[in-house]
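S.K.: The chain contents come next:
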Amino acid sequence: MTSTKPAFRHPKLAQNSLGLTRKDYEGAVSTLCAGCGHDSTTNAIIQACFELNIEPHRVAKMSGIGCSSKTPAYFLDRSHGFNAVHGRMPSIATGANMANRDLLYIGISGDGDTASIGMGQFAHALRRNLNLNYICMNNGCYGLTKGQDSATADMGSTGKRGIPNPYASIDLCELAIELGASYVARGFSGDKKQLVPLIKGAFAHSGLAFIDVISPCVTFNNTSTSTKSYEYVREHIEATNTFDFIPLQREILTDYAEGTTQEVIMHDGSIIHLHKVDSKEDVTNRLNSVNKLEEEKAKGRLLTGLLYVNQQIRETHDILNTSLRPLNSLTENDLCPGNTELQKINDSLR
Amino acid sequence: MTSTKPAFRHPKLAQNSLGLTRKDYEGAVSTLCAGCGHDSTTNAIIQACFELNIEPHRVAKMSGIGCSSKTPAYFLDRSHGFNAVHGRMPSIATGANMANRDLLYIGISGDGDTASIGMGQFAHALRRNLNLNYICMNNGCYGLTKGQDSATADMGSTGKRGIPNPYASIDLCELAIELGASYVARGFSGDKKQLVPLIKGAFAHSGLAFIDVISPCVTFNNTSTSTKSYEYVREHIEATNTFDFIPLQREILTDYAEGTTQEVIMHDGSIIHLHKVDSKEDVTNRLNSVNKLEEEKAKGRLLTGLLYVNQQIRETHDILNTSLRPLNSLTENDLCPGNTELQKINDSLR
Amino acid sequence: MNRIESVNDFVIRFANVNGSGSASANNLFARAVFRAGVPVSPKNIFPSNIQGLPTWYEVRVSGDGFLGRRGGIDMTVAINGQTMQKDYHDLLPGGYYLYDSSKQLPEDFQRDDVIVIGIPLTRLCSEEFSNPKLRQLLKNIIYVGALAFLLDIELALFTDSVTRQFKKKPKLAEPNIRALEIGFNYASEHYQDTCGLTITKTDKLGDDILMDGNSAFALGAIYGGATVAGWYPITPSTSVIEAFDRYSKTFRIEKDTGRSKVAILQAEDELAAIGIAIGAAWNGSRSFTPTSGPGISLMNEFLGLAYFAEIPVVVVDIQRAGPSTGMPTRTQQADLLSCAYASHGDTKNVLLFPCDPRECFELGAAAFDLAERLQTPIIVMSDLDLGMNDHVCGPLSWDDSRKYDRGKVLSYEDLETRHEKWGRYLDVDGDGICFRTYPGTHPTKGAYFTRGTSHTEYSAYTEESSVYKAGMERLLVKWDTAKTLVPSPRTKIRDPKKNIALVFYGTTTHAAYEAMARLEKRGTVTNSMRIRAFPFQDEVINFIDQHQQVFVIEQNRDAQLRTLLIAENSISPTKLQSVLNFDGLPITADFITEKISALLEAGSTAGKKQP
Amino acid sequence: MNRIESVNDFVIRFANVNGSGSASANNLFARAVFRAGVPVSPKNIFPSNIQGLPTWYEVRVSGDGFLGRRGGIDMTVAINGQTMQKDYHDLLPGGYYLYDSSKQLPEDFQRDDVIVIGIPLTRLCSEEFSNPKLRQLLKNIIYVGALAFLLDIELALFTDSVTRQFKKKPKLAEPNIRALEIGFNYASEHYQDTCGLTITKTDKLGDDILMDGNSAFALGAIYGGATVAGWYPITPSTSVIEAFDRYSKTFRIEKDTGRSKVAILQAEDELAAIGIAIGAAWNGSRSFTPTSGPGISLMNEFLGLAYFAEIPVVVVDIQRAGPSTGMPTRTQQADLLSCAYASHGDTKNVLLFPCDPRECFELGAAAFDLAERLQTPIIVMSDLDLGMNDHVCGPLSWDDSRKYDRGKVLSYEDLETRHEKWGRYLDVDGDGICFRTYPGTHPTKGAYFTRGTSHTEYSAYTEESSVYKAGMERLLVKWDTAKTLVPSPRTKIRDPKKNIALVFYGTTTHAAYEAMARLEKRGTVTNSMRIRAFPFQDEVINFIDQHQQVFVIEQNRDAQLRTLLIAENSISPTKLQSVLNFDGLPITADFITEKISALLEAGSTAGKKQP
Ligand SMILES: Cc1ncc(C[n+]2csc(CCOP(=O)(O)OP(=O)(O)O)c2C)c(N)n1
Ligand SMILES: Cc1ncc(C[n+]2csc(CCOP(=O)(O)OP(=O)(O)O)c2C)c(N)n1
Ligand code: SF4
Ligand code: SF4
Ligand SMILES: [Mg+2]
Ligand SMILES: [Mg+2]
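Residue numbers (my numbering), protein chains in the order written: chain G, 1 to 350; chain B, 1 to 350; chain C, 1 to 611; chain A, 1 to 611.
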């Protein structure tokens, strides 16, 4: 039932520096429920790619299984996509990335996909600092299987089934920081203004950028008693900072009051400019980030924004010291040692 | 090749209040390498059970796969044991515990078994706060498969293979605290004095007690360049507190200077008495515990002792509100609704 | 034009959009037919998404009691704009096309062999109801009301159902009844004598019930004494645990304490789900895990452990269309090999094949006895069609004098009085089954170490070749014992000369029986065997041996039961011809009949029937 | 007493304690025999632990070139106190018992048909060497020196090896050579003319090599162009990746940058290991994962995805004894069913069966071509015996003009010039194989969505029954194509009347060939087919059809190849008789010979050979 939108292009649509319009970054028509948070997140991804002048075909989209994991079909239809099996997006993304370090990788997952069945792969992709833009569309439930609580559902939160969740929730951002992530952010599908730059920063980041996007499930978990409903999130959201993402090409123009900004220079030369609520906060300090998250949680607030960045950690290719050429581009000549070498080996085995 | 030690009992061996000697808590002769840290940890378990007057047959021992996971064969041979598959001890322990809440459960795992293949089950057993004494014998390597680095190997640490580990390590204690554990401790197989009370406290704890025991692998990871060698650990160990475990039956006799002790009353009425280096530290505060761990790490020190306790979190049975009778003791009469009820159901389906 | 005329024998297809609340309206319809005493068989054909995609509900009405899917559609209730066209064209000549005439039918709907029945559902609904959410739901009820008139079903059958459904909220019953009347009245005013399809009350159904297989299995687990369940959400198995949870809340709460006599754990994945079940089974609780294909794949390693360490765990596999994620909302019988030979090394598992909800209940309960008697995993092979659709079947019953067979377990007293040396894996009875003990039974006796590594008869670790080999051979003895304990096949002999036989299992059953009846009408009398378990009893092999020609009917591509039949026994593969449907929809009597006729034809033209 | 006398034909068993450094001494011995030009076949029989348990090293010397395991021990080098007794009793009558006579032999060692050779290893060692660590190691070298004398092997063959081994640390060579001499001298002083076993130089071996299968597979992966490997440690597959890493460091470092042309990732478990390999393969790298039984079980779900989404991944399964954790350090061929039908739903995977290291290399390299040509997982079925033991085999060779067959992949230019509409799952050639594209190839063409859900020919999601079915049927067409591409079987026809045939595969080969020779000596001439791949070519079926009686020889309990043969083809099961060894030790020629003789005997007594 996947169908692509009509290719007709309005002559006046805004173009980016590649001469592409926003439409060139879209995908098939979504089959998610009307109003699903995941569709808004999809839109933010499209926007970020468009604004970053990313060549769509240089992106590879990977996902697990779930409503969230279906979304790669709904953006960047000029990119290759791989909708794998439940909870295993990280390993597929790892292999793909190893094969060709020159593409951009975006991995989409859900809270069920990441925090339950995918917990191990999530943790270890973080530990290896895979160069991946990992977006978890977090709705606190298993949408596609009809709304069971997930491991990110808050204790006491009550979805459409009407039974308060009795288990403690896992905070994926805290966990990511604990596990040594190098870029951790939290967004809200209802706040595109904040989300788009977070995604852009993630693309510019070298290593694993994890974004936990609170992305409400309107069908099963948008009740007034759910802490992952639009209403609840809107009322309890707290931004740690606002955020400018300045790609390499552009110059910094704006000026901010002393002490209220922090500059993070990304691997590709882009700059992230943080305008902070509290000038003492340091987004590059792990403990500070976790403490801040916990503090807000204690106040019943959900902290969003760029929570933590560390540009010092090497990404997997750097750790492995692999060739700068994409491995998938190597041929017999690069790879096969030839018969003469083999005869030497034979000799050593006699 | 498992063989039990001769049953001969020296008449003068010390007996505990059940009239059992330490020998009654032993198991088959170990087939681990001479000097393996795991054997010392095994001894500490034996000691703790003996001193706690635990009836051996009321304990069930579960484990995964690895040298560490073999150890349940080497202690408590009057207990049932279950050496499951690699990384899956927590789920087996969960099922067993659900079937009979009246036994004591001890789960043995290794760092490979827990931090890699078992990461998901580890995280979720913690989240459910299963009533389990979870001991991870952590040697920073895969002993049984001949010494590959595990996910707890420190970056740069170099075992017998001679290649420095290029990946960041996972700190299982920090992770456990992050994931909502209710009792977290770190011990060292070479420090029985500290380890035995930690294990005792774990038995008294209602919920998941996680003990990360640094337990060197003499064969593959005891080099002078390894951070999990006896020598390195001995030199870098830092105890957050010393520790008295006072079982329900006994009275507290010792007196300590004001402010240097903290008392934790366990679920079964036992008391843990902490003698702290720094009187400001609060072992029941999550953030404090993580910060303290990180602080010591920054100093190049390895913090041991009881790191965190929270007696407020309900264990799995309490969350599920299951019967106080062991489920495995229920019979037809308790379980089968009978034909009359069935006929009512038939009626409702017409 | 010849319109289709039929009493109690037709197929109606409802074409809806999912998430629009049509399910309960369509169920209401099917249940009314059932209450009229007419055999009915509804099948839900739904997409793997939550809202907005096409979904169909196919209701077969069969006075003759044929409950399998039949080919062809006699009437369509076309509520989904996206599929109107297709639905229109799928109709049999002479069929009926009921649509929402609030909007006009497109111009190219020009079949002259279709009777079009327009009911302005949206308009009628808007005129009567103001609440927009209610409107969407009641639109569906209106067409049900119209059908009541068109098919001549007493309206009371519907209104009774509604009243019963909303017993606790009578306020909600009212608009539903009103909607039924609106539809009924509109149809009676505009479509007198339009419809040649009729439902006439009969008493064909006796004390039969209408139930889905997943609820029935769950009830079987309740009656069978299951106390621990580990699970992970996956379509189409999720409703097993939902039902188990529901029944537990009714039957398993301690009156005095309010506490529960079951532990149901939503695990983090399928590996943990079966791990929980295995841990519980090891510790003496009856336990199970429901899953579907991908879950079976993930449970492979643990199934091998349970086989080798001999732990009595029950798995119910609600099969869906594979491979991989495949078609999660379509049906298949394609996990047989995967389950029978799950896990690396030499493993074999016992499979049970229920064919209707009553058997889901019975074999479900029996699975726990079998598992504990045989100390091995038992996998109940249901499927999406059986599990998620309502089926007519005989009533459930339970013999109150029945005791659970907990198998060979030594109690404290047994251990005290036993003289021989006990070995966990010592076969004292020669049936390949050894005595086990539960943890905590006795202070000094009966403790043992369970392991997936090779072990001696006394459960010590061993690498001794001969000991390992003897253990593996004992498991084959147990396998033979299993043959004597698993449910026996059901045979129908109509041709004593034993010429042609049909062999099938599970949800293929109803369509197969119907095909037999049709073949018989065409002059081909056949015998049949419905297999209910793997390993196969001698009875199965003998039956096949005695027949000249055997058709094995399955719902998979690779003829998986046939593979098991020839691999495990010495049946000649040339004797077994396959009839395979694997398109994800329930197999139909049409398909089987035509396929077998064609194969027979081909065989007789080829002019040689081998002896 | 008749002592055993034999030139170049005997079995020596070394009984040691593991972790005591005996492995290199024993290897030294085997290699010296090899260097004397005498076919030799060493087998390591080691425990699943690290230190302190019994381990055996069985060296078969066979001038006739029989390289399988033979039953019976002619000489034991008994260094392990724990097993002395057993080792003594296992000796054949007339055999030799070499032990460390620093301690006296227990009194009950009273066989009068055994020649006892005492060498005071500990004493000699202590007298000569002071470093305690060195002492432990050199004790073993001393008995090797003694053997050199006893078996009449030039000492230079040993000292050369040692010199070569310690080329970079000549200081270490010295004490080793000294130890060899000590042993040699002691034996020559005390045991002149004691031993009737002799090694005589021959040139039987030509340009053969002595190599283990895991290194050979790794080298095949290097030559075959693998660039990504995901793995998780598991015995006995770990040495595949160790070798791959080693060879990568030699052959795959960019000279200018020092960077690596491979990415080897130790994954967190086997699910991730194969996920990494699949992700890389999807993205156009040749990739693989090595594993063993438990890993195969865990890879089940992903194997189904790779089958259905058609991703060319290579898996090498170094089989060990199952089920479950089983006997991790013992050998078996028991994962065939598990691999062939891995995963739920209708799945089938291509299997390759190498029989020696040369084939590990060749089929290893070929696996990558096949995977990419067929766009499906290829599983190379090795085993512990093949993978971890050294085997004599022909030299490796590589045709430098050989190009990798990357299969049907569209380049930028192809996409630019192609006129037809491209579909990822569109079979334009009728061979069931479709064209794929790598991500990033073209800005606007050739992108597609890979999924484990059902898909159209254009890789869009579909739930349309007919489309799904057509896709599944195309996969069967591809399966037929696979039969034309996989390595063909090897046949030996010695009886043109085609009476009796032996069918086998993998490491059963050498023992089977030897059994054939023995049977022939007894007057039973047989033909043979060594199967090298699944699915089976027509050639395989024809061969079986043409023979009266076929013995299928395997190293598993459940006759797994036989199951595949009869399930996938129409071979009558009664025709295939199984010869099964599954005790975890490599199958022997003795076992096969006796078993077949017995079966033939039984058949002829029963008086009926069926036609
Ligand atoms: C191995 C396996 N188990 C279970 C499923 C069923 N399943 C499909 S989606 C899903 C949960 C998805 O939840 P989440 O990742 O949170 O995504 P959402 O639908 O909420 O966006 C599950 C359990 C599956 N596809 N595969
Ligand atoms: C599924 C599976 N994969 C791999 C293995 C092989 N294996 C056995 S033990 C082990 C690692 C054990 O490491 P750890 O848990 O740290 O225990 P240690 O031996 O270091 O005590 C591995 C990978 C296995 N048994 N099962
Ligand atoms: S079920 Fe929830 S998560 Fe899924 S598409 Fe609908 S709203 Fe979104
Ligand atoms: S290998 Fe290491 S972990 Fe294993 S028994 Fe030996 S010392 Fe202990
Ligand atoms: Mg979700
Ligand atoms: Mg370890």
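Hints in this document: simulated from the structure, not taken from any laboratory. Treat the hints with care, since some could be wrong.
Some chain A residues near chain C, calculated using beta-carbon distances under 8 Å [as the list claims (entries may be wrong)]:
| hint | residue |
| --- | --- |
| 1 | 294 |
| 2 | 327 |
| 3 | 338 |
| 4 | 346 |
| 5 | 453 |
| 6 | 471 |
| 7 | 472 |
| 8 | 485 |
| 9 | 487 |
| 10 | 491 |
| 11 | 493 |
| 12 | 494 |
| 13 | 574 |
Just so it is clear, CB atoms sit at the ideal spot from N, CA and C, and this is done for glycine as well.
S.K.: Determine for every hint whether it applies to the structure shown.
M.R.: Going through the hints against the structure:
| no. | hint | verdict |
| --- | --- | --- |
| 1 | 294 | holds, 6 Å |
| 2 | 327 | holds, 5 Å |
| 3 | 338 | holds, 4 Å |
| 4 | 346 | holds, 4 Å |
| 5 | 453 | holds, 5 Å |
| 6 | 471 | violated, 10 Å |
| 7 | 472 | holds, 5 Å |
| 8 | 485 | violated, 21 Å |
| 9 | 487 | violated, 23 Å |
| 10 | 491 | violated, 23 Å |
| 11 | 493 | violated, 26 Å |
| 12 | 494 | violated, 29 Å |
| 13 | 574 | holds, 5 Å |
Of the numbered hints listed earlier, those contradicted by the structure are 6, 8, 9, 10, 11, 12.
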